[in-house]
Amino acid sequence: MLAHTFVADAILNNPDQINAQMADRQSFGIIALDSHAQVKIFNAAEARLSGLSADEVLGRNFFTEVAPCTASRLFRGRFRQGIQEGSLDTHFYYTFTYRIRPISAHVHMFFDRRKSPLFFIFIDRIIQLYEDLG
Amino acid sequence: MQVPAENQVINQFLAYADELLQALTDLPEIHQEQRQLYLVCLNSLWQMLNNAFQQDGGNFLSEQQIELLQMVDREIQHIENDIPEDFRNQLHLLLRQMNMDLVS
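The listed protein sequences correspond, in order, to chains A and B. Taken in order, the first sequence gives residues -8 to 125; the numbers are from the working numbering. Taken in order, the second sequence gives residues 4 to 107; the numbers are from the working numbering.
Accuracy of the hints is not assured; some may be wrong.
[Unchecked claim] Which chain A residues face chain B? A few, computed with CB under 8 Å, are given here: (1) His(-5); (2) Phe(-3); (3) Phe54; (4) Pro59; (5) Ala62; (6) Leu65; (7) Phe83; (8) Thr86; (9) Thr88; (10) Tyr89; (11) Arg90; (12) Pro93; (13) Ser95.
[Stated by the list, open to error] Chain B stretches covered by chain A per the calculated footprint, using a threshold of three residues with CB under 8 Å from any CB of chain A: (14) 40 to 46; (15) 55 to 67.
Honestly, the hints are just simulated from the structure, not real lab data. Every residue gets a Cβ at the ideal spot worked out from N, C-alpha and C, and that includes glycine.
Assemble the whole structure, with the sequences as input and the hints as a guide.
This is how it looks when you write it as structure tokens:
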């Protein structure tokens, strides 16, 4: 069963107020895409946890150039669904494995075209219990 | 512990593909094409497995599923060493732009 979202209501209720400065103040990853999946915001927490700098990813296609293992039915499929329908508020678990040390994350996707043209991906990384922390 | 059927299928696929490549090494004129086709197959396999394992996002991948994806990824990286970078990049772009419903 999915845990409750880690994103505060104040953020979800006001997506038009999310900008780079505000995003950098959050402890979890925030990525904002336009309708073509180009990265518009890549916050400091996401940069620190992914090892990619904002300069490297801004303006690039998230699914084909930044995070290839998200070009999947679940991850990109939900993005496309949200863009087509004009709104999306969903969260799911995702395990990133492609070319990196496996990372499990709780992903919250949020899009409301009436409030903001940006599609938001909030990412909270989780350490698996079976992982060897030694 | 019993090995999941999916792991057995993947292992058999990789062994079969490897044997097929070995059997065809007497045809050097198409060796590069074989490697490229094998790379396409492996990348598609990785996409299909990732889609199947992630399902609807209700659970994380298991340790076995992660190991399997990484095994295929290691094989992809091994093959990529023999493939021109330009072709590799074109292939990656093509596969990532494909309709995900086709590889699920």
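Hints, one by one, checked against the model:
{"no.": "1", "hint": "His(-5)", "verdict": "violated, 15 Å"}
{"no.": "2", "hint": "Phe(-3)", "verdict": "violated, 15 Å"}
{"no.": "3", "hint": "Phe54", "verdict": "holds, 6 Å"}
{"no.": "4", "hint": "Pro59", "verdict": "holds, 6 Å"}
{"no.": "5", "hint": "Ala62", "verdict": "holds, 4 Å"}
{"no.": "6", "hint": "Leu65", "verdict": "holds, 5 Å"}
{"no.": "7", "hint": "Phe83", "verdict": "holds, 2 Å"}
{"no.": "8", "hint": "Thr86", "verdict": "holds, 4 Å"}
{"no.": "9", "hint": "Thr88", "verdict": "holds, 5 Å"}
{"no.": "10", "hint": "Tyr89", "verdict": "holds, 6 Å"}
{"no.": "11", "hint": "Arg90", "verdict": "holds, 7 Å"}
{"no.": "12", "hint": "Pro93", "verdict": "holds, 5 Å"}
{"no.": "13", "hint": "Ser95", "verdict": "holds, 5 Å"}
{"no.": "14", "hint": "40 to 46", "verdict": "violated (count 0)"}
{"no.": "15", "hint": "55 to 67", "verdict": "holds (count 10)"}
When the structure is compared with the earlier hints, violations turn up for hints 1, 2, 14 and for no others.
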